[in-house]
Amino acid sequence: MADKRYIDAIHDALYEEMTRDPSTVLLGEDVGVKGGVFGVTEGLFDAFGEARVIDTPLAEAGIVGVAIGMSVNGLRPIAEIQFADFIHPAFDQILSEAARMRYRSNNDFGCPLVIRTPYGGGVHGALYHSQSIEAFYAHIPGLKVVIPSTPADAKGILKAAIRDPDPVLYLEHKKMYRSVRGEVPEGDVTVPIGPAEIRRPGRDLSIFTYGLALHESLRAADLLSPDIDAEVVDLRTLRPLDTKTILASVERTNRALIVHEDNRFGGFGAEVAATVAEEGFRFLDAPPTRLCGPDIPAVPFSTPFEVWFMLTPEKIAAAARALVDY
Amino acid sequence: MSAKDTKTVKARGPASPTAEGPPPSHLLEMYYFLCLARAVDERMMALQRSGKAAFMISGQGHEGAQVGTVYALDREKDWLVPYYRSVASVLIKGMPPAEIFLIQLGKATDPSSGGRQMPGHYGHSRHKILSTSSPVATQVVHAAGIAYAAKLRGTGEVCETELGEGATSEGDFHEALNFAGIHRLPVIFVVENNGWAISVPQRKQMAVENVSSRAAGYGMAGVTVDGSHVLEVYAAAREAVARARAGDGPTLLEVKVPRLTAHSSDDRQETYRMAEEIARVRQLDPVHVYTEELRAQGVLTDAKEQEIRARIQREVDVGTEIAEAAPLPDPATATRYVYFEPPGPGR
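For the record, the sequence lines run as chains R and X.
For what it's worth, numbering that gives the first Met the number 0 labels the leading residue of the first sequence as 0, then goes sequentially.
For what it's worth, numbering that gives the first Met the number 0 labels the leading residue of the second sequence as 0, then goes sequentially.
Take the hints with a grain of salt, since some may be wrong.
Stated by the list, open to error - Quick partial rundown of chain X residues pointing at chain R, CB under 10 Å, derived from the structure:
#1 Q138
#2 T154
#3 G155
#4 E174
What the hints assert, rightly or not - Across the chosen pairs, the derived CB separations fall in these ranges:
#5 F90/R x S212/X: 28 to 36 Å
#6 P140/R x A245/X: 39 to 47 Å
#7 G343/X x T302/R: 53 to 61 Å
#8 H87/R x A331/X: 35 to 43 Å
Unchecked claim - With a straight-line cut-off of 27 Å between C-alpha atoms, the simulated DSSO-like cross-links for lysine-lysine are:
#9 K150/X x K158/R
#10 K150/X x K203/X
#11 K33/R x K150/X
#12 K158/R x K243/R
#13 K33/R x K3/R
#14 K158/R x K3/R
In case anyone wonders, no lab produced these hints; they're calculated from the structure.
Every residue gets a Cβ at the ideal spot worked out from N, C-alpha and C, and that includes glycine.
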């Protein structure tokens, strides 16, 4: 085991997979010589050369579309969209093309590719460098959506995503890059796409969360202890969703609090809440409840705005107390 | 704008088109495919009009562009990224008429989608025909990616993609050509310009006469040819393939073609096209033009023409019978292949 930052775990997964499999290629804006605007791909250009680490034009639909073509002709592309806020021009290529290739060809073609992109607020990124985009993409059949929260998962899930036969959207909360550290197993260890992970077992309520909000939720659980014993479940994969782990947790705790930074209306939490309500109704002592980002277009810039917007352990603890007191 | 107004535009590349023609043995084969594509298309239309197919989209008038370009490819080795008018192209790449009719009728054994997609959405991995969707120009970027992979892997493959002139207005068209130009990829962008994007004429689609003039902006060769003359198309395509194969980069090959039908079976072109224009473009029909050319050269005799036409009639009839007899898909299979399914018991 080695203690690593979240960003280094992602880098290491890329380095190891590109070493292992010569069909892997990296493409995106500034991913080459510069090593990415956050430094995730530092050193890969020198290690693997400009044919496999491609500085692309500023064209997100083109990045994903080119990756699709590479994928059907024998490569394993790993595309980087510089900020999740800029992925939307590629929505059509992701929705209509990558995610649908297998289904529409009746399994004649697959489309193995990974799209990595940093999302999330808390770094003064404002409206266009802070968005959470997972709800749009988790809605798409044929696409897998993962949001690892620990360095070990960041590495292991990225390795699994690169080897997956289907397209995977891999979301990285940018505030975690240098603020989250953790033990990462040495060597070629993959973490499967799909299963959720209980990060903290508890008896009084279940907090279902992912991304940076996982870490805020774990701190909230510390604040709540010992009065309230919160279970914290890291969903890790939004699609396919591990409903079995979710329902088993609610069966033990009888309360579900869903926490995410993305805004609430039509957000991913609605899917978790609906699953709990439809399939776990008999376990419940209180309504499935969501604590989410405010329903405004995105994170406003100025510091007081951003502080007001972001989830905190205190906000989560207050929501948990209200739910337990229901 | 008529095909008579077209001219060759060179952004980069060899000086002038050589008159390099196909081997003599190919002249009649190309004739066969032109006529086969037309006959298949007419049968698709008949299936739609008789209520057996819900929808039909035609390639009539585009056959010269497709036979001329796909004949210049290595049909086994090279890729085709088609669009919904690519009937002749997919026939030449190896899909027999029966498969086109299976697609047309939405049958379970439709090789492109198993009855999941509307007719006209061709794809077939064994023939290196990429599966296609309905949003226009998305496939153009895929062609660039396929060509990048071919170059990186050193496979020697060339990729041809086909699109209409309307699709050149999409951002994906620009992004694809820009990327292909930067990396000098072995890809040929074949724009089958029939002057109409459903009801919108070319003058409302772009401010230039020739789509190929845009090639200069991407640092690639740009050529416009008359799609009524299949051998002219072939000569231009041969050059484009040679350029791609030699590592000299992509070509934007615009082929001016007549649209001989409405946009689709759901469209009434009489509401936006003048009767005179519809009648005039009939004179540009590549099947008629090539028939006359071959007759003038003495390559096509009455006897040969009858023999080829009879063979096509048989193949289209047999293909229709096969497709009509094929089973429809079972709705229980509609949930299959959203994701990869590992092989296992019962599969």
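We went through each hint and held it up to the structure:
1. Q138: With a closest approach of 8 Å, the Q138/X hint holds.
2. T154: Holds: closest Cβ of chain R sits about 8 Å from T154/X, inside 10 Å.
3. G155: violated (12 Å)
4. E174: OK, holds: E174/X within 10 Å of chain R, min 3 Å.
5. F90/R x S212/X: 28 to 36 Å: holds (31 Å)
6. P140/R x A245/X: 39 to 47 Å: About 43 Å separates the Cβ atoms of P140/R and A245/X, which means 39 to 47 Å holds.
7. G343/X x T302/R: 53 to 61 Å: holds (55 Å)
8. H87/R x A331/X: 35 to 43 Å: Because 36 Å falls inside the window, the suggested range holds.
9. K150/X x K158/R: holds (26 Å)
10. K150/X x K203/X: Distance of about 37 Å is beyond 27 Å: violated.
11. K33/R x K150/X: Holds: K33/R and K150/X sit about 24 Å apart, inside 27 Å.
12. K158/R x K243/R: Holds, because 24 Å separates the two Cα atoms, which is no more than 27 Å.
13. K33/R x K3/R: Holds - the C-alpha atoms of K3/R and K33/R are around 22 Å apart, at most 27 Å.
14. K158/R x K3/R: holds (16 Å)
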